[in-house]
Amino acid sequence: MQTLPQIEQAYEGRIRFVFRDFAVHGQPAVKMAEATECADDQGKFWEYHDKLWENFQASSQQAQTAALVTALKGYASELGLDTATFNDCLDSDKYASEVQKDKQDGASYGVKGTPAFFINGRLVSGAQPFSAFQQAIDAALTGGESGTAIPTVPSSSG
Amino acid sequence: MTTETHIGGALLRTPALLGIMALSVILALAAACGGDEQSQGEPTTTPTQVTRTPTPGGTPTVAKPTATVQPTATVARPTTVAQATPTATAVVQVSVDDDPSWGPEDAAVTIVEFSDFL
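Chains A and B, in that order, give the protein sequences. Under this note's numbering, the first residue of the first sequence carries the number 24, and numbering increases by one thereafter. Under this note's numbering, the first residue of the second sequence carries the number 20, and numbering increases by one thereafter.
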């Protein structure tokens with residue numbers, strides 16, 4: 024994920040970046056995705072997103088979902104979120120269907136693993152160096168591909 | 020003095036038998052001193068593997084050339100290189116849903132990431 028800040032810095036104001044869940048690494052991955060959605064309820068999605076990556080090593084070792092949930096709630100507290108609301112959101116599986124829908128959508132687009140990126144609709148699979156994104160983004164910016172229709176579909180589940 | 024000898028049912032006289040044996044020895048010696056007539060005059064399938072093996076009878080034998088498998092030229096298969104650029108892929112109409120995003124909504128380029136945190 025070191026490339027994302029580079030992309031943001033290099034193309035600030037010229038690109039839109041959208042994150043969608045594709046939780047394929049079991050229930051812990053699903054719970055983490057739900058937690059980011061709960062953080063998004065309080066306008067802290069990206070902060071929580073970064074927090075998870077900062078603690079990737081610790082989070083990935085939480086084999087037990089219960090222990091992971093405790094850690095996820097702790098991250099919310101560290102970020103100054105309303106923990107009662109966050110905890111209720113996480114415990115109630117409020118965004119379980121949303122996370123599942125994202126995964127189904129990704130699979131329908133041909134996503135088979137993580138991470139996967141669509142740059143104006145063109146798939147770039149796997150963790151690529153910044154140079155690969157730079158080449159693809161520059162091609163999209165200068166190659167007449169701007170305006171590629173990417174419909175915004177209102178979520179049916181949240 | 021003559022001696023009759025039965026060999027294979029044929030009646031031969033000793034002087035004639037001795038003459039035949041002497042002629043055979045001469046021919047054998049001539050063959051032994053004749054060099055590489057057999058290998059020189061015949062095309063060989065391979066330039067190697069012609070060897071002479073002494074035999075108790077004195078007649079050299081030529082080992083048959085052995086078939087050798089010629090090394091064949093190998094052609095390296097072109098390897099498929101993963102394309103990092105998106106130019107080789109089809110354009111997919113990807114919904115951004117109402118998922119979290121940053122950057123202007125009317126940006127020329129939209130990147131949609133599908134991922135988890137593990």
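Hints may be right or wrong, so weigh each one.
[Stated by the list, open to error] Covered by chain B, per the in silico footprint, the following chain A stretches (three or more residues, Cβ under 8 Å):
1) 26-34
2) 40-51
3) 89-103
4) 109-116
5) 132-146
[What the hints assert, rightly or not] Between beta-carbon pairs, the in silico distance windows are:
6) A/Q29 x B/D125: 21 to 29 Å
7) B/A109 x A/A90: 26 to 34 Å
8) B/V110 x A/A89: 22 to 30 Å
9) B/D117 x A/S115: 32 to 40 Å
Hints in this document: simulated from the structure, not taken from any laboratory. In this text the structure is predicted, and so the values were computed from the model without any measurement. In this text, a Cβ means the ideal position worked out from N, Cα and C, and glycines have one as well.
Which earlier hints can't be squared with this structure? Structure breaks hints 3, 4, 7, 8, 9.
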